[in-house]
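Colleague: Residue numbers (the numbering used here), protein chains in the order written: chain A, 6 to 326; chain C, 6 to 326.
Just to be clear, a hint being listed does not mean it is correct.
The list cannot tell twin chains apart, which means a pair is met if one copy fits it or any two copies do.
[Claimed, not checked] Subject to a maximum C-alpha distance of 16 Å in a straight line, what follows is the list of computed EDC-like cross-link-like pairs (lysine to aspartate or glutamate):
| # | residue 1 | residue 2 |
| --- | --- | --- |
| 1 | K182 | D84 |
| 2 | K71 | D84 |
| 3 | K176 | D84 |
| 4 | K182 | D168 |
| 5 | K186 | E251 |
| 6 | K182 | E251 |
| 7 | K176 | E251 |
| 8 | K17 | E298 |
| 9 | K155 | E173 |
| 10 | K299 | E177 |
Hint data in this document are derived by calculation from the structure and do not stem from the laboratory.
2 protein chains.
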Amino acid sequence: VAFDSIETPFGKINKALGGSGSYFSLAASQFCPTSLVGVVGSDFSDKYRAPLRKRNIDLSGLEQAKGKTFAWGGKYSFDLNNRDSLFTHLNVMADFQPKLQPHQRGIGFVFLGNMHPTIQLKTLSQIKKPKFVGLDTMNFWIEKAPKELKKILKLADIFVINDSEARELSKEHNLVKAAKKIIRMMETIYPRPSPHKRREAATLIIKRGEYGLLMFRSAFPSTSGRGVRGEGLSMQVFHLPGFPLENVTDPTGAGDSFAGGFMGYLAKTGDVSWNNLKRACAAGSVMASFDVEKLGTRRLQEIKDSDIKRRFAEFKNLTNF
Amino acid sequence: VAFDSIETPFGKINKALGGSGSYFSLAASQFCPTSLVGVVGSDFSDKYRAPLRKRNIDLSGLEQAKGKTFAWGGKYSFDLNNRDSLFTHLNVMADFQPKLQPHQRGIGFVFLGNMHPTIQLKTLSQIKKPKFVGLDTMNFWIEKAPKELKKILKLADIFVINDSEARELSKEHNLVKAAKKIIRMMETIYPRPSPHKRREAATLIIKRGEYGLLMFRSAFPSTSGRGVRGEGLSMQVFHLPGFPLENVTDPTGAGDSFAGGFMGYLAKTGDVSWNNLKRACAAGSVMASFDVEKLGTRRLQEIKDSDIKRRFAEFKNLTNF
Numbered sequence: 006v007a008f009d010s011i012e013t014p015f016g017k018i019n020k021a022l023g024g025s026g027s028y029f030s031l032a033a034s035q036f037c038p039t040s041l042v043g044v045v046g047s048d049f050s051d052k053y054r055a056p057l058r059k060r061n062i063d064l065s066g067l068e069q070a071k072g073k074t075f076a077w078g079g080k081y082s083f084d085l086n087n088r089d090s091l092f093t094h095l096n097v098m099a100d101f102q103p104k105l106q107p108h109q110r111g112i113g114f115v116f117l118g119n120m121h122p123t124i125q126l127k128t129l130s131q132i133k134k135p136k137f138v139g140l141d142t143m144n145f146w147i148e149k150a151p152k153e154l155k156k157i158l159k160l161a162d163i164f165v166i167n168d169s170e171a172r173e174l175s176k177e178h179n180l181v182k183a184a185k186k187i188i189r190m191m192e193t194i195y196p197r198p199s200p201h202k203r204r205e206a207a208t209l210i211i212k213r214g215e216y217g218l219l220m221f222r223s224a225f226p227s228t229s230g231r232g233v234r235g236e237g238l239s240m241q242v243f244h245l246p247g248f249p250l251e252n253v254t255d256p257t258g259a260g261d262s263f264a265g266g267f268m269g270y271l272a273k274t275g276d277v278s279w280n281n282l283k284r285a286c287a288a289g290s291v292m293a294s295f296d297v298e299k300l301g302t303r304r305l306q307e308i309k310d311s312d313i314k315r316r317f318a319e320f321k322n323l324t325n326f
Numbered sequence: 006v007a008f009d010s011i012e013t014p015f016g017k018i019n020k021a022l023g024g025s026g027s028y029f030s031l032a033a034s035q036f037c038p039t040s041l042v043g044v045v046g047s048d049f050s051d052k053y054r055a056p057l058r059k060r061n062i063d064l065s066g067l068e069q070a071k072g073k074t075f076a077w078g079g080k081y082s083f084d085l086n087n088r089d090s091l092f093t094h095l096n097v098m099a100d101f102q103p104k105l106q107p108h109q110r111g112i113g114f115v116f117l118g119n120m121h122p123t124i125q126l127k128t129l130s131q132i133k134k135p136k137f138v139g140l141d142t143m144n145f146w147i148e149k150a151p152k153e154l155k156k157i158l159k160l161a162d163i164f165v166i167n168d169s170e171a172r173e174l175s176k177e178h179n180l181v182k183a184a185k186k187i188i189r190m191m192e193t194i195y196p197r198p199s200p201h202k203r204r205e206a207a208t209l210i211i212k213r214g215e216y217g218l219l220m221f222r223s224a225f226p227s228t229s230g231r232g233v234r235g236e237g238l239s240m241q242v243f244h245l246p247g248f249p250l251e252n253v254t255d256p257t258g259a260g261d262s263f264a265g266g267f268m269g270y271l272a273k274t275g276d277v278s279w280n281n282l283k284r285a286c287a288a289g290s291v292m293a294s295f296d297v298e299k300l301g302t303r304r305l306q307e308i309k310d311s312d313i314k315r316r317f318a319e320f321k322n323l324t325n326f
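Starting from the given sequences, assemble the full structure and let the hints guide the process.
Modeller: Set out below in structure tokens:
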């Protein structure tokens, strides 16, 4: 949870509610009760809490620490495909150690936002019996904490990264080859570090910005829970484009909104079959397509259930034949 | 129809059967009887005709002129996303004036390959009653012959270009905005230059390389056949990804193979409804996905009907939810 200052060719906001936790929660809360774990500083006033509360997001796990809230500033290029980070002040995030509330320890659908893999592990270990675990990361952790990342990878049911991260992690340019390697990293568990968790199949989502996403799943889940598969690993594959929009204002938070919509849809339906994962991708993409229409979290704050249903149907028309 | 010399990181061929006419015809002939109009030189031996004849492509409109066959050489970068043209020798193409055979003048489904728009116009004018006209072009003609291009645009039912061409022609970066402008260019006809032709709706396909394609159609065809629509032009939109392949060897001819499969499917089914245009896009994308698997036209020469049916079904699984 952060203060975001964003400049795009179409507008500017300063010290607005942001951070991946905010985007994720605003999107997920459209589908299911959402509980946020994070930290803010003493400068995080009620004004910032209000939009989250309005969507009934449980903020009991949002710790308020002494100091300043994490702050980020970024500026986008003319075509919105590149952005420069103007500043990143970790502030209270630097020493954050997540402590889950008792009622949060029973949650089944868990998403571990982009953070040091060790913090992600510490968070997950507080959940009694996770049903379905989503995981995000970034290039920084792939480079700085590869061992820890590989540990948490084995505990995730679904791993959501972008194409450059997938290429860096797998050292493969071709995304199908990259996906095979990463799925093997997720699948090879011996001994399985968390005995209470039994994964059906490892799933990977590779985000490609305006070009949408590819989702991969090992077609034949290993029954032994150990061993690297042969080169011929067979995978199920699904693709969803970015929604073609005439006006894109601010891409900030699109990936987090996707993840929120995706996990929210799964939690709401309680169904993690391949066909329902496809629909969850559509729900996530719907949320991402709304997010980019206005600056910061503004559009996510105002959309209604009927907007979501309409765009979900438009996505079907766009892709099904 | 050309001699192609191609170098990719995965192999090399020299003076092989190529040119957009060859790729297009090999793909289209999988779906319907295909008649090719073009020119080759006296060096175009039977060896080059054989793969086309094997697919029963009508070569009676393939003029053999004195001189050398059009020859092109290209070299691809490591990731296949960029290529340098090493040489382009127009040879007999420089003075080509297409003359259709009498039996070709009655053809209904016509595709005008990338060439000077005036040559495209002269070709189309020899067709008695075209049912459905497809059109290709390139940046070169957008820059060098914009007036002539805008004339032929108004006679095409479907216009197939890539994203950079769409951006250059419309002077819009956003592809939805670009599509609206180009569809208006196709629609605004007063007086309609070819009275025997009555178009249902203008359709535009924007190809995005490995990211697939977007297809746009004006949702409410103009009934008067004249007048520019308001800013609020409503469009139907369809998206299809590139097929995720583990091994891509040579992207040469992918766009032409797409166009061939697309037009062949339409001619075979005789149905130009929006839903069938979607299926035709899938048929075209299937052919493009095969084309890139081997160097030059090799893969197109060997595929069978069962290969096409299987990958068509895989495309459905890949995109439908």
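Colleague: Each hint should be assessed against the structure and marked as holding or not.
Modeller: Hint by hint, here is what the structure shows:
1. Proximity of K182 and D84 under a CA criterion of 16 Å is satisfied inter-copy only: 14 Å between copies versus 30 Å inside one chain copy.
2. Taking identical chains as interchangeable, the C-alpha atoms of K71 and D84 are never at most 16 Å apart, the minima being 39 Å within one chain and 49 Å between chains.
3. In this assembly of identical chains, K176 and D84 lie within 16 Å of each other by CA distance solely across copies; the values are 13 Å between and 28 Å within a copy.
4. Taking the shortest Cα distances, K182 and D168 sit within 16 Å of each other inside one copy (12 Å), while across copies they are farther apart (26 Å).
5. Proximity of K186 to E251 under the C-alpha cut-off of 16 Å is restricted to the inter-copy arrangement: shortest distance 12 Å between copies versus 36 Å within a copy.
6. Proximity of K182 to E251 under the C-alpha cut-off of 16 Å is restricted to the inter-copy arrangement: shortest distance 6 Å between copies versus 33 Å within a copy.
7. In this assembly of identical chains, K176 and E251 lie within 16 Å of each other by CA distance solely across copies; the values are 14 Å between and 35 Å within a copy.
8. Proximity of K17 to E298 under the C-alpha cut-off of 16 Å is restricted to the intra-copy arrangement: shortest distance 13 Å within a copy versus 46 Å between copies.
9. In this assembly of identical chains, the alpha carbons of K155 and E173 lie at most 16 Å apart only when taken from the same copy (14 Å versus 45 Å across copies).
10. Proximity of K299 and E177 under a CA criterion of 16 Å is satisfied in neither setting, with 35 Å inside one chain copy and 20 Å between copies.
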